[in-house]
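Here the protein sequences come in this chain order: A and B. Quick note: the first sequence, position 22, residue 22 per my numbering, numbers continuous. Quick note: the second sequence, position 63, residue 63 per my numbering, numbers continuous.
Simulated from the structure, these hints should not be mistaken for laboratory data. Note that the coordinates shown come from a computational prediction; the quantities given were computed from them, not determined experimentally. Heads up, the beta-carbon is just placed ideally off N, CA and C, and yes, glycines get one too. The reader is advised that the hints may include incorrect statements.
Once the Cα atoms are required to be at most 20 Å apart in a straight line, the calculated SDA-like pairs of lysine to any residue come out as [as the list claims (entries may be wrong)]:
1. K36(B) <-> R12(A)
2. K65(B) <-> A44(A)
3. K100(A) <-> A125(A)
4. K36(B) <-> L14(A)
5. K36(B) <-> T13(A)
6. K100(A) <-> D110(A)
7. K36(B) <-> E11(A)
Stretch-level coverage of chain A by chain B, calculated; a stretch enters the list once three of its residues show a Cβ under 8 Å from a Cβ in chain B [unchecked claim]:
8. 2-16
9. 35-49
10. 76-85
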Amino acid sequence: MPLAVELVSPERTLFSGDATIVRARTVGGGDIAFLPGHTPFVGALATWTVEFTLEGGGSEVAAIHGGFIEVSNDHVKILSDLAELASTIDIERARRAEEKARAAIQRGDDAEAEGALARATARIAAVGQLS
Amino acid sequence: MAGGQERILRRRIKSVESTKKITRAMELIAATRVVKAQERAASARPYSDEITAVIVDLIRAGAAKEHPLLRDNPEARTAAFVVITSDRGMCGGYNTNVIRAAERSIAAARAKGLDFSLIVVGKKAQKHFRFQGLAVDAAFEGMTDQPIYDNAREIAAAVRSRYETGELASVELAYTRFFSAGTQQAVVRRFLPLEVPEVDPDAGPTADLEYEPSPTGILNEILPRYLESRLFSALLDASASEHASRQRAMKAATENAEDLKTSLSRIMNRARQDAITTEIMEIVGGAEALGSSKGGKHDLLPSHLSAEHLFPDHLDRTDHSASIH
Numbered sequence: 001m002p003l004a005v006e007l008v009s010p011e012r013t014l015f016s017g018d019a020t021i022v023r024a025r026t027v028g029g030g031d032i033a034f035l036p037g038h039t040p041f042v043g044a045l046a047t048w049t050v051e052f053t054l055e056g057g058g059s060e061v062a063a064i065h066g067g068f069i070e071v072s073n074d075h076v077k078i079l080s081d082l083a084e085l086a087s088t089i090d091i092e093r094a095r096r097a098e099e100k101a102r103a104a105i106q107r108g109d110d111a112e113a114e115g116a117l118a119r120a121t122a123r124i125a126a127v128g129q130l131s
Numbered sequence: 001m002a003g004g005q006e007r008i009l010r011r012r013i014k015s016v017e018s019t020k021k022i023t024r025a026m027e028l029i030a031a032t033r034v035v036k037a038q039e040r041a042a043s044a045r046p047y048s049d050e051i052t053a054v055i056v057d058l059i060r061a062g063a064a065k066e067h068p069l070l071r072d073n074p075e076a077r078t079a080a081f082v083v084i085t086s087d088r089g090m091c092g093g094y095n096t097n098v099i100r101a102a103e104r105s106i107a108a109a110r111a112k113g114l115d116f117s118l119i120v121v122g123k124k125a126q127k128h129f130r131f132q133g134l135a136v137d138a139a140f141e142g143m144t145d146q147p148i149y150d151n152a153r154e155i156a157a158a159v160r161s162r163y164e165t166g167e168l169a170s171v172e173l174a175y176t177r178f179f180s181a182g183t184q185q186a187v188v189r190r191f192l193p194l195e196v197p198e199v200d201p202d203a204g205p206t207a208d209l210e211y212e213p214s215p216t217g218i219l220n221e222i223l224p225r226y227l228e229s230r231l232f233s234a235l236l237d238a239s240a241s242e243h244a245s246r247q248r249a250m251k252a253a254t255e256n257a258e259d260l261k262t263s264l265s266r267i268m269n270r271a272r273q274d275a276i277t278t279e280i281m282e283i284v285g286g287a288e289a290l291g292s293s294k295g296g297k298h299d300l301l302p303s304h305l306s307a308e309h310l311f312p313d314h315l316d317r318t319d320h321s322a323s324i325h
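Just chain A, with the same shape it has in the complex:
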């Protein structure tokens, strides 16, 4: 039995479907993958990607800018107030944002620029073009 996955942002449901594997990264920094039959789990997600390996082959990747994951009874629910599916990410824009953030960090603007860099990196990683 596959996992019923829902990726929900405050404004709408971004993705809803069946997957065989769900991979995410929790705040602690560790990647975690869920297979059907996983123990109930609640976790806070880091700014990174989540990947759903779809039942019929192929996969769906999304960039998550912080959020939560709840797994119970083969239902996976991911809540994120900022989430983007890879197909909707503008890679050029993400690269520009990354450069800008790196430059800002070198100038010493830390907290905000770090956040911007993390978001840009997550976007690039979601598209699968992380160098």
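Assemble chain B onto chain A, guided by the hints.
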């Protein structure tokens, strides 16, 4: 003069007609906006339901309820009010109702000896409170028409830090709840301290839940999101209510314009009739006066006079057939 009155009425009817076109258009626009706003509210529901469910799970797992957003601030002497109104008018009693509800709660807070602080969303509330000479601590505009999540985040940020530092005793949220296209209600709801869903303590932790990080850690992360999500759904409700109120107000305005047009046309037709009657009377009166001065007692002008009588020379010169006989 009668003709002048008719012209004035005609102009008024024209202006009522063009007003009616505008109100009709606004009604139709508002109607589509209501549907859209309802859809947005519906698509926002999974997130807020889910976030509530996660919080229930966390509390059941024994997460400590010690987050600053959950505790009371007994020292604080200020109650904050977030008032959500629209930017534009033309929506009947929508804004007045919310403002009045908010003012009642403000008065209640004052009676308890509390200070108050205003955070207003929408130009209408801002104008109203500024006009009353009350200090507005934060004002947001341009977001109630079609609120996005970032708007909720902005407002939440304005409130949250002040609550967390212990400055505010409570935060109340005044907005209009949307029940259906026909029913909306201005309400004032407790916003902070957050009320987390009550969980039966006997139920104990659900078996085998894994947490990363700890339940308390996740709860502390999730509560600010919960705050934003509640604010977001209030904004969406308010927006749907605003459009529904506007639709209703504009429908009434269109109907009134129609009624006004009918009654004005009636007055105008009567005025025109009067003018025609007066004109006929004047002609008849003039003819009679002319007739009696020529000597005839009862006859009217045409039967009494003929062309030959009036212009004998003229006829002789031009029309020869007349002279042959």
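Verification of the supplied hints:
1. At roughly 13 Å between alpha-carbon atoms, K36(B) and R12(A) fall within 20 Å of each other, so this suggested pair holds.
2. At roughly 18 Å between alpha-carbon atoms, K65(B) and A44(A) fall within 20 Å of each other, so this suggested pair holds.
3. A hinted pair counts as satisfied when its Cα atoms are at most 20 Å apart, and K100(A) with A125(A) qualifies at roughly 17 Å.
4. With a C-alpha separation of about 18 Å, the suggested pair K36(B) and L14(A) falls inside the 20 Å cut-off, and the hint holds.
5. Between K36(B) and T13(A) the CA atoms are separated by roughly 16 Å; this keeps the pair inside 20 Å, and the hint holds.
6. Taking the CA atoms of K100(A) and D110(A), the gap is near 12 Å; set against the 20 Å cutoff, the hint holds.
7. Between K36(B) and E11(A), the direct Cα distance comes to roughly 13 Å. Compliance with the 20 Å bound is thereby established for this hinted pair.
8. Only residues whose C-beta sits within less than 8 Å of a C-beta in chain B count toward coverage, and the stretch 2-16 of chain A has 7 of them, enough to reach three; the restraint holds.
9. Here's how the stretch 35-49 of chain A fares: 6 of its residues keep a CB closer than 8 Å to some CB of chain B, so the rule of at least three is met and the hint holds.
10. A count of 3 residues in the stretch 76-85 of chain A with a Cβ less than 8 Å from any Cβ of chain B is obtained; the coverage claim is therefore met, three being the minimum.
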